[in-house]
Structure formats: structure tokens, C-alpha cells
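Chemist: If you want the building blocks of each chain, they are given just below.
Number of protein chains: 2
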Amino acid sequence: MAQRFLIELLSELKAEKGEAALERIAEEIVRLLAEDEQTEVRRFLESLELADVASVIEELPQGDDLTAIRLLSLHDQAELIGHFRASAQVSVAERLGKWELVSLMGAMSHDERADLFKQLDETAQEMLLPALSKAEREDLRRLSAHEEWTVGSVMTSDYAVLAPELTSTDAITALRRQALDAETIYYAYIIGESRELLGVVSLRDLLTAPPRQRVADIMDTEPVLVHVNDPQEAAARRVARYDLLALPVLDEDDRLVGIVTADDAMDVSEEEVTEDFHKGSTIQRFDMSVADATITKLYRARIFWLVLLVFGNIFSGAGIAYFEETIAAHLSLLFFLPLLIASGGNAGTQSATLMVRALATGDVRLRDFGRLLSREVAIAVALGVTMAAAVWLIGIWRGGIEVAIVVAIAMITIVLLGALIGMSLPFIFAILEKDPAAASGPLVTSLADVLGVIIYFTIASVLLI
Amino acid sequence: MAQRFLIELLSELKAEKGEAALERIAEEIVRLLAEDEQTEVRRFLESLELADVASVIEELPQGDDLTAIRLLSLHDQAELIGHFRASAQVSVAERLGKWELVSLMGAMSHDERADLFKQLDETAQEMLLPALSKAEREDLRRLSAHEEWTVGSVMTSDYAVLAPELTSTDAITALRRQALDAETIYYAYIIGESRELLGVVSLRDLLTAPPRQRVADIMDTEPVLVHVNDPQEAAARRVARYDLLALPVLDEDDRLVGIVTADDAMDVSEEEVTEDFHKGSTIQRFDMSVADATITKLYRARIFWLVLLVFGNIFSGAGIAYFEETIAAHLSLLFFLPLLIASGGNAGTQSATLMVRALATGDVRLRDFGRLLSREVAIAVALGVTMAAAVWLIGIWRGGIEVAIVVAIAMITIVLLGALIGMSLPFIFAILEKDPAAASGPLVTSLADVLGVIIYFTIASVLLI
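So the protein sequences, as listed, match chains A and B.
Going by full-length UniProt numbering, the first sequence opens with residue 1, and the numbers climb by one from there.
Going by full-length UniProt numbering, the second sequence opens with residue 1, and the numbers climb by one from there.
A few of these clues could be false.
[As the list claims (entries may be wrong)] Okay, derived cross-link-like pairs now, DMTMM-like style, lysine to aspartate or glutamate, Cα gap no bigger than 25 Å in a straight line:
id, chain 1, residue 1, chain 2, residue 2
1, B, 118, A, 243
2, B, 434, A, 270
3, B, 297, A, 271
4, A, 118, A, 136
5, A, 118, B, 363
6, B, 434, A, 271
7, B, 118, A, 363
8, A, 297, B, 368
9, B, 434, A, 23
10, A, 297, B, 23
11, A, 434, B, 368
12, B, 434, A, 243
13, A, 434, B, 270
14, A, 434, B, 181
15, A, 434, A, 368
16, B, 297, A, 270
In case anyone wonders, no lab produced these hints; they're calculated from the structure.
The structure presented is a predicted model; accordingly, all values stated were derived computationally and were not measured.
Turn these sequences into a full structure, and let the hints guide you.
Modeler: As C-alpha cells, then:
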């Protein structure tokens, strides 16, 4: 009965209207646990994907979550904890018994283990270290040593290794033995005596090779690779560009120290995209969950740009103050002020967004600038004329034909300049080897605002007085 | 000699300062081809990854590009063409001989073949169809029939299939035979008589299973799957959430019709992210390369929102017009107008960006709203007070203590309201089952602008007159 009810909720969950279903599944599990129906709960959890089990368990009240986790096999527990959010991981780890945590960490994939370890407080870390095996301890130290945002911080050390002199048949047997521990066995790495990378072979190539052919003759000796101190997005970009399942990571002495798997590369891309979103919106680098962040952290990430833009906008204010006489003589001009300066910023932001993203995906390259610039002029004039036409009648109604002419000319000029600034800034940033994403929205808007004020009132003071 | 020079350029290319290197490699290849050093060129191209070969060949002048392509094996050519941009694909396909194109398409992966076919003009399509095999023709028709943005438009039909009664050893032999044609052999699909999906098995599970165990006993009978008419982002999200290498696609009658591979899912994510970027920036759905788009296409994608925002800003203008008397009496207030209305928009855009992205990645859920709202109030007040302090002295200098007080109170109120609008809109959109990304930037800015004008001059007219 309960089982059937849960299965129905599960299909809702899978249909991605998941949130309400999640809460109801959690309630149902709490009820079943209270009635000691542990077998029922286990059977249900085992019918789910572990990523979904993680979401469900995160919903459970403290105590019940540990009970539910303990119903799973150690292997599933180890994978499960990798799916938790950072805060849930730590909360669960802190409440598990010491030896329970030690055996769980022994079963976790190496990169997730290191990530968890780094988040524990120092007392917990010091309590854990002596309980781990020497190999685990050293692996943890190595993986935790890398700086955030580097390839080292996202790689894992549980990769499959083969000797170059093995035949393809023996290599497959060797991979079979490594299947339990390695993050992937679809790629295997061939290393020499001092761990230098000799080549990479895919399981697919091993399977299709003649049975007696040696690994050394099948392997790719010039594989795409990445270095441990490269920025993490270099790994993500290469995995995507070359359609890889994993990418070998070398240290400064070209020894193999880890791999970045495709799913970890996808997580990196997601982080980088989030960063690009934030950059375009004046939020400073901010390496944590928005849901978990403290007020202070969020304040810090936001205040710098806001204050900077306040001072940027003082120039617009100064522009207005400079034209006070013109304004006092024609107060009806003020009606069009917000509209004109916003239009320059809007058109500019559109151009900037298109360019930032196209440069990021490689759709547009630096040398396309000239061609795109002349196209942008044509588009911006067309946009400006349309927008001028849209306000023409309102111009006549509010201020007469003269004001309408001023507004129309100002609109076309402001939209054109805004669009050209918006399209050029990302290129300029890219040429200066800055991230084009920093050139979007707010910077463009501020520049367009100042220019808008000056252009509008200059045209007005020439034509009206 | 030439070879060594090319290899040096290659390492530059790999170091991701690629663009200049690309051009020089292309020049070098043109020179070598002019001197009839085809073997040299072939050897160099073969030492590159195909994704890089594609970039190099796209740089070559017409004629030389075909010569270079023809130096590669048919298998490499087929993979190569999938790496070209759409415009380059079509240009090359139109210049190849009919039978050359037919054999190339025969060797391409099914999804890339369908994508290429869809882009050819009708004459070319009609010329090609009779030359293809019946199976290819039907496959093309099936894959081309799906609407854009659906899972069907990104799936491929060259997946590996196994019978449920095979032993694991026989299954591996069967996969070996399918390795040349299948897009991946790391997952295999077990289907029944009417192509209904019975289960999925990974090569890893087959390798680690006892040799005589039957596929039916190893396979996952409740795999994560997707339907052919689901939106393509459903496939991308599931691949990422469940860390899959491929995802089976079923039709309305639950028959297996294709798979979406992880690398195609990554491409979809990239498209979707681009869409989110555009949505946040008033660009309408726009399904092509920015570099290749015509003026008309770009104009259409941009004009709707720009004109809409013009009319939105008329409300701000009307607000100003309503307070004309207050302004005429205190012209110094105008100095602070751009600064105050921009600040509300800036703070609001920050909040919106944080929420849109956090909702998209699942970091924040709908039910977190209440908790986040009270946190946002605290942050916004802190931000507003800091920003008010920043302009305090300027307020005194430009307008005296009274104007400074008006500006400070207005700043705090405007920033608070802007931030609350910016954080609430994405949630409201999500509850209404609209895409939260549409709630960002411009909408928030326009609302904040109008409110800013009204709040500022209301406070001024109360306190100053």
C-alpha cells in the first residue's frame, strides 16, 4: 500500500514537478520509520536513483536522515553522500560515528572524499586522519592541497592504469579488476616508471583490437591533457571540445596525478556559467551556495559594484546639472529623459550579451570584429529609427514638433552609440586578456547613461534655444 | 622543417591562445599545398585532434579546404564534418561531388547526418535522397521529423542493442561487433519484440558480471529515460543529474527510438545557457550563430523588447512630469535622479541574477522563499545605508542638509524595494511555471525606475515643501 503510494509520488518526481512530491515522500518515510517499517523504506529507496535518494533524505528531519542512510549498502551510502549539498554533507558527517565515517570515506570516490574532508572543521579532521589508512591519508593530503579554481581541485585520483606491454585481452582483464575502485574504466592510462604519461587507451579500442595486440600499439600517445595548476575551466573546455569521457591531469614534472571526468567537467561548466552570470550583474566572485550564504557574505559580494556605480551615475547627474538652464526653459524635456537614457543602456546591454556569450562559446572570434561592427551599425540605426518612431507622437503631444524632433534625433544617436559600446567592450576586454563577461550590463549601462544625458541635452540646447 | 614549424604552432593552439596560431597554421598549409606537399599536410593533420583539424580547415580558402579534407580517411572526414560550424558544413557539402557526399553521409553519426541534411537546400536534399540506402533514408526522415528544441531533435539512432537472453560474455562479443557503428558501446539497450525498452546495461557491469550470467539478470530494468517530445533541456538535466553517459529516448508508445549522448547533452546545456543569458537581456529566442545571423534576424530578435521598454519608461517620464512643480522649485534634485533610479535597478538586478541562477541550478527551491526574503531585507537595508552614506556629502554640497536627508531616505527605500522586486519576480515566475530567467534585468530595472521616480519625488515633496 504505502509502497504503491510512494511509487506514484516517484513518477511525479521524475516528471520534474518534483518539489512538492519530494516533501510528501519525505513525510511518508518519516511515518514509515515511526512505524518501524524499515524494510519498506529500504525497498523504496533502492528503487530510486541515488541522486533522488539524496534529495529525499535531505528533506528528512535530523535522526531520520541517518536512519535512512544506514538502510543502504556502504557502496550506495558512499555514492549518496556525493550527491548531497555541501551543508547536508557536513551535517551528516558530523553526526555519524567516527568509524562509520571512516569506512564511508574509504568507499567514497577520491575527489568527493577530499571535498568532504576539506569542509569538516579542524577538530573533526584531526580526529579522522589517524583512523584512515596511510594511502588514504596521503591521497587526501594530495587532493586537498590544490588551490580552488585549479584543475587540481576538481580532479580525482582513482583512475585505471595499464602497463604498455599487456595484450589487449590481458588489459581488459586488468580493467575488470580495477572496475570496483576506478571512477571510470572506459579510459585507461599507460604510465612509465616515474609515472610519466605514455598514452591513453579507450576500452572501446581495447575491445576492437586483435586479442594479442599490445596496449603500446593501440594507445593514443598524444592525448589531450591538462596541467594540475591550469584553471579548472581549461579542463571543462577541453572535455567539451574533444568530446572526452575523462581528461588526464599532469603535474609540473609531467607525471600523471589525476583525471577530470566528464561529469565533474560538467559541474565545472555550471560553476563557470554561474560566475559569468554574476559578472554580468555586478556580483563579485562568490564561491558558495546562495541558499546557504550569510548576510555578510552576500553584502560583501554586492556592495563594491553598487557603490562604484553610484559614483558612476554622479557623472550623469553632473551632466544634468550642467544643462540646468536648458531644462528650466523646457521642463517638458524631462518627460523623455528616463526613456532616452534607458534605451541606450538597453540596446547596449543586448549587444554586449550577444557578444559576451558568442565569444565564450567560440561562435564569434576576435578577428570577426570589423565585419560585426559594420553590421551592428546597420542594426542599431534600424532599431533606433523604430524606437524614435514609437515615441514620435508622444513627443508631439508632450512638447510639440520641435521637442519631437529633438527626441527622435537623440534616440537614434543614443541607441547607435549604446549598441556600439555594448558590442565593442567585450572585444576590448578580450584583447586585453580580461574576461569579456565583465564588460556586460552595468558598465555598458553606466556609460550609455552619461552619454545619453549629454547627447540629449546637447541636441536640445542646439535645436531649441 | 615545415613539420616542426607546424608542431610549434600546434602547441600554441593547444595552449588556448589559439586564434593567431590557427591563422598561421592555415597559411602554412596553403603554402604546402601550393608546393604539392600533400603527404606533409596529411601527416600534420593526422597528428591533430579532429576538433582542431576542423578549426584549421575552416580557415583555409575555398578549394584548399576540400583538398585538405580529402587527405583524411573517410572515417575521419565523417567525424570532422560534425565539428564544423553549420555554415562551413553546408558550404563544404555543396561543393563535394554527389557520390562523395553520399559516402560521407553514410559514415557520419546518425544525428549529425540528420542535422547536415536539414540544412541543405531542397534541391540538394532531393538529389541526395535517391542515392542513399533505404535504411539511411528512413533513418534521416525519422530523425529530421522532430521539432526543434525537443529531445527528438538532438537524439541519435546509432545505439547498441542486446538481446536479454545473452550471457555477459556473448554480450561483450556482440558489443564488439557494434563498436564501429554505435555512437557509444559503454551503455547497451535491451529491447523486446516491439522495440519496447526492457532495460539498460553498462559495459562496466557486463565486464564485472560472472561470464555466464544473462544480460536480463544484470540490466537495470528501471533506467532513467526521456520521451522524444520532451523539451531538449529535460534530457540535458537528467544526464547531468544522474551522471549518465547516454540517456534512452522513447516514443509515445514507449518504444526505444534513440539515445542522447553526454556530449550532445552538454551542447544542449550550452544552448540553454545561451538562451538564459539572452532572456535576461531582452533578446528573443534566437536559434542560430550570432556570427552568421543576418541583420534582419538580429533586428527581429531585439526590437520587441526595446520598444516595449520604451513604453515602460514612459511611466517614469510621466512620474517626473507629475512632480514638475517640485522639480522646478528644487532643480538641484535632478542631480541625484539618475543615481537614485539606477541604484534601485542595480540592486534589483543583482538579486534577480542570484535567484534566477540559483533556481536554475537547484541551489534554491521555491519553499526557501520566506527564509530568503527576510535575509534579503537585512542585506538590502545594509546595502542601502552604505550607498546613502556614500552620497551623503555630495548631497550636502549640491543641495544642503535637507536635500541630503531626502536623498538618503530615498536611497534606502529605493534599494530595498528594488532588491525585493528583484528577488521575488523569479520566484513568482517559477510558481506560475514560467521560466524565471525571463524575470531578470530589464523587467526589474523598468519597475525599479518607475518606483524610484515616484519614491524620490514623493519624499522630496513631503520634506522640502
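Chemist: Identify every previously stated hint that the structure contradicts and give their numbers, smallest first.
Modeler: Violated hints: 3, 10, 11, 12, 14 and 16; rest satisfied.
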